[in-house]
Amino acid sequence: DGGITQSPKYLFRKEGQNVTLSCEQNLNHDAMYWYRQDPGQGLRLIYYSQIVNDFQKGDIAEGYSVSREKKESFPLTVTSAQKNPTAFYLCASSMTPYEQYFGPGTRLTVT
Amino acid sequence: SQQGEEDPQALSIQEGENATMNCSYKTSINNLQWYRQNSGRGLVHLILIRSNEREKHSGRLRVTLDTSKKSSSLLITASRAADTASYFCATDAGSSYKLIFGSGTRLLVRP
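These protein sequences, in sequence, are chains H and D. All residue numbers for the first sequence refer to the working numbering, where the first residue is 9 and numbers rise by one. All residue numbers for the second sequence refer to the working numbering, where the first residue is 1060 and numbers rise by one.
Among the hints, a few may not be true.
Okay, the calculated beta carbon distance ranges per label pair [as the list claims (entries may be wrong)]:
(1) H:T94 with D:R1100: 26 to 36 Å
(2) D:R1169 with H:T85: 37 to 47 Å
(3) H:N34 with D:R1139: 28 to 38 Å
(4) D:T1126 with H:T117: 34 to 44 Å
(5) D:N1111 with H:P16: 28 to 38 Å
(6) D:D1125 with H:I68: 22 to 32 Å
(7) D:K1128 with H:T104: 40 to 50 Å
(8) H:N26 with D:G1118: 36 to 46 Å
(9) H:P112 with D:R1109: 26 to 36 Å
(10) D:E1076 with H:P112: 37 to 47 Å
(11) H:I68 with D:R1109: 49 to 59 Å
Simulated from the structure, these hints should not be mistaken for laboratory data. For glycine and all other residues, C-beta sits at the position ideal for the given N, C-alpha and C.
Please build the complete structure, drawing on both the sequences and the hints.
Okay, here's the thing in structure tokens:
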């Protein structure tokens, strides 16, 4: 069953803690992406990676970090430097630069 | 501000009616895509239209693109309750791997 998995679906953390969100794909896609979505809003790009061991900042990278050590995996760390981390986080992947396939998302709540 | 902006922000129609939503963008694009998001889920790719295309069909979906007006429309014909979702346009803004999403149209189809 091919696709993108994100875990966990819901995540709760205390303020000041770093937290890592998982994203795995078995679609053999080269490119992977992380987006943030706030209530009633569209998606904003945090980081993207076109190839293993390479990634670029998106529009709102401050307070976030990523790694791309394997083609299948693109974990996102929300650091304590991120001022408003509570949001819905979506991971996506694509073979071409066009159509992106999305995971089910992780809802992060920081209190 | 975001590249793509959808209009209207919310739309409520009766099952069987047609639903039209619009997207405007600011800069030149290579292509424009439409995605659907069911509540609390990831996005699903619906259709991509290239900048040299004016109209494209996929099942009950019809997309038009007017590059002179920097706008696109998505028409869903004979709507069903299952079409209830948020619909987003996304443009590449000249950079193929980066997509810029609008804030979306929330469609409610009443049975």
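For the range 22 to 32 Å, tell me whether the beta carbons of D:D1125 and H:I68 fit it or not.
holds, 30 Å
Given a hint of 36 to 46 Å, does the C-beta separation of H:N26 and D:G1118 actually sit inside it?
holds, 44 Å
Satisfaction of the hinted span 40 to 50 Å by the C-beta atoms belonging to D:K1128 and H:T104
27 Å Cβ-Cβ, so the 40 to 50 Å window is violated.
Looking only at beta-carbon atoms, does the pair D:N1111, H:P16 fall within the given range of 28 to 38 Å?
At 43 Å between Cβs, range violated.
Outcome of range test on Cβ distance (H:I68, D:R1109; 49 to 59 Å)
About 28 Å separates the Cβ atoms of H:I68 and D:R1109, which means 49 to 59 Å is violated.
Is it true that D:R1169 and H:T85 lie within 37 to 47 Å of each other by Cβ?
holds, 43 Å
Cβ distance range 26 to 36 Å for H:T94 and D:R1100, holds or violated:
This hint is violated: roughly 19 Å between Cβ atoms.
Range first: 34 to 44 Å. Now tell me if the beta carbons of D:T1126 and H:T117 are that far apart.
With Cβ atoms ~42 Å apart, the hint holds.
Status of the given 26 to 36 Å range, CB of D:R1109 versus CB of H:P112:
holds, 29 Å
Does 37 to 47 Å hold as the CB distance between D:E1076 and H:P112, or does it fail?
violated, 30 Å
Just tell me: holds or violated, for the beta carbon distance of H:N34 and D:R1139 against 28 to 38 Å?
Once the Cβ atoms are compared, 31 Å apart, the range 28 to 38 Å for D:R1139 and H:N34 holds.
Hint compliance for this structure: hints 1, 5, 7, 10 and 11 are broken, all remaining hints hold.
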